[in-house]
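K.L.:
In case you want the letters, here they are:
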Amino acid sequence: MTDTTSAQLNQHLRTPDLFGSASGRIITLVFMVILLCVPLAAHFLGVRLQLVSLDFITRILCLAIAAVSLNLILGFGGMISFGHAAYIGIGAYCVGIPAYHGYESGWLHFPLAIFASAAFALVTGAVSLRTKGVYFIMITMAFAQMGYYFFLSLDEYGGDDGLTIYSRSMFNIINIENKLVLFLVTYACLVASIYAVYRIVNSRFGMVVRGCQSNEARMKALGYNTYAYKLTAYVIAGGMCGLAGALLGNFTTFISPDMMGWSRSGELMFMVILGGTGSLFGPVFGAVTFVFIEELLSTFTTYWALPFGVLLVLSVLFIKGGLNGLIQRGWRRD
Amino acid sequence: MLDIQGLKKSFGGVIATDDVTLGVDTGELHAIIGPNGAGKTTLIAQLSGDLTPDAGHVVFNGKDITTVPTHRRSHFGLARSFQITSVFMGLSVIDNVALAVQAHDGHSFRFWQPATTQARLRKPALEVLEKVGLANRAGTIASAMSHGERRQLEIAMALATNPSFLLLDEPMAGMGVEESAAMVTILQGLKGEKTILLVEHDMDAVFALADRISVLVYGRIIATGKPEDIRKNADVRSAYLGEA
Chain W
1 MTDTTSAQLN QHLRTPDLFG SASGRIITLV FMVILLCVPL AAHFLGVRLQ
51 LVSLDFITRI LCLAIAAVSL NLILGFGGMI SFGHAAYIGI GAYCVGIPAY
101 HGYESGWLHF PLAIFASAAF ALVTGAVSLR TKGVYFIMIT MAFAQMGYYF
151 FLSLDEYGGD DGLTIYSRSM FNIINIENKL VLFLVTYACL VASIYAVYRI
201 VNSRFGMVVR GCQSNEARMK ALGYNTYAYK LTAYVIAGGM CGLAGALLGN
251 FTTFISPDMM GWSRSGELMF MVILGGTGSL FGPVFGAVTF VFIEELLSTF
301 TTYWALPFGV LLVLSVLFIK GGLNGLIQRG WRRD
Chain G
1 MLDIQGLKKS FGGVIATDDV TLGVDTGELH AIIGPNGAGK TTLIAQLSGD
51 LTPDAGHVVF NGKDITTVPT HRRSHFGLAR SFQITSVFMG LSVIDNVALA
101 VQAHDGHSFR FWQPATTQAR LRKPALEVLE KVGLANRAGT IASAMSHGER
151 RQLEIAMALA TNPSFLLLDE PMAGMGVEES AAMVTILQGL KGEKTILLVE
201 HDMDAVFALA DRISVLVYGR IIATGKPEDI RKNADVRSAY LGEA
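Protein sequences, first through last, are from chains W and G.
Per this note's numbering, the very first residue in the first sequence carries number 1; after that it's consecutive.
Per this note's numbering, the very first residue in the second sequence carries number 1; after that it's consecutive.
None of these hints come from the bench; they were simulated from the model.
Predicted, not measured: the structure shown is a model, and the values here were computed from it.
Don't be surprised by glycine CBs; every beta carbon is placed ideally from N, CA and C.
Hints are not guaranteed to be accurate.
[Unchecked claim] Between beta-carbon pairs, the in silico distance windows are:
(1) G:F111 x W:V134: 27 to 33 Å
(2) W:Y166 x G:M89: 42 to 48 Å
(3) W:Y135 x G:K8: 47 to 53 Å
(4) W:L51 x G:R72: 52 to 58 Å
(5) W:M146 x G:M89: 33 to 39 Å
(6) G:M89 x W:S263: 41 to 47 Å
(7) W:A142 x G:N36: 51 to 57 Å
(8) G:F111 x W:A142: 27 to 33 Å
(9) G:A208 x W:S6: 35 to 41 Å
(10) W:A217 x G:T21: 26 to 32 Å
(11) G:T140 x W:T299: 37 to 43 Å
[Claimed, not checked] Away from chain W, derived, C-beta distances all over 12 Å, residues of chain G:
(12) D19
(13) V93
(14) V101
(15) P114
(16) F207
(17) D229
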């Protein structure tokens, strides 16, 4: 047996990088600081510009959490789920329905949102993950649409008219009725989600999931029960997106099945791809850019969806690795 | 060690594996040769668990594994390499091998500690890389390696699961003369230590390495024997070695 010296070994022990390249680190950090400080500054200085308002940014942060969770399975696990918005809806209704019945505690709403979403992911994932490729895409979308029609048919909770939440989730330590507090909580949840994904994708579990994306046949031959690992990742992503839904429900204080329609799932996918699949901060770049462009275009024209679509197609065609790829390597082409 | 008993598999009207019976003894390097379309790939798929045979049995160390799923066979000590290079292209060489080591180091439902800092995965991985001559390439991303190096990595990943039995599917596929020679040296080093079933097109390599050779033609084994017997066998010569 050959001897591996500890010096040789130490060369190959490395802590995974959170930010990627050196230039990527600076830009990413600056971006995250801007995302936190600009709306705060606008709020305290009384700037009345929609694009930097706490409300507008809070909505983006909620969607960013959803995109981060989708990226865990889409970007790192190669599971192209076209039904991820279902968990936004489930998370939001886990706030709305208990609140409607007078149960207003956030300590009930948030765990319920996460567990209900994870449970939905477990059941639907157990079936969906038996299929591959385009079938997986279609079946995840079908399950999400089932969720959509389920909530649509609940007349008690407003059906397609939606349900108004008269009081946000109550916490005994903080008051998220205050939009500043809700913004800070959402921001903290986003940072926590990114950090969790960072830990997960670099853990033993994460390496297995990434291996499944790269070459599932090889993973099986190596002795991994790939189905079990992929399903677990699917459930974690579902639970994380449930959290995004609960936050979004609290933010809008009005929930309807439209939150979980298939077009919303498509938007989430787009945020991930635009930002850069399989990168930690990419989904955040994607979510921010997506919503900003949508907002800007819609102020110019009612037909904003048309130029928006063209922009999206161009960005996918010409920006390799998404916005994160651009940030990591600068303008160099390689 | 490996007993294949009356294995049959057909796709529609095509019989890909036709009553194959074959034994591989412990410590032996047994080669399977056969022309294109002879059913080598289908046979391997049934041994590795990717396909379930229509009839017959695969017995490994006295245990019937005919219907055992692929991932569990690995834990019985059966490892395989792929004809089409199947490494994780986006990962570094050592990450590739460490992932193979990890497969046999308990379950992987560990969500928090970074895998790339764990010496108990990296050290065995580095040792296997030294064995196949890739230690100095440990930090390279797999996609940046040459074809020959990827073939070596392919073997390293199979070895890292610490198998008793290696199923090698054309390890020399697409290699140049020098690369093939290097691979023969690697396999020579494994001979005796592991039981090996080698499916290979490269005749020079097969005759240099094999203890016994089986010839597969149209899904049937037409001959099994020592290399010199196979060379002399008239059926084999007409069916495969291209001589009347």
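K.L.:
Checked against the structure, which of the hints given earlier come out wrong?
P.N.:
2, 3, 6, 7, 11, 13, 14, 15
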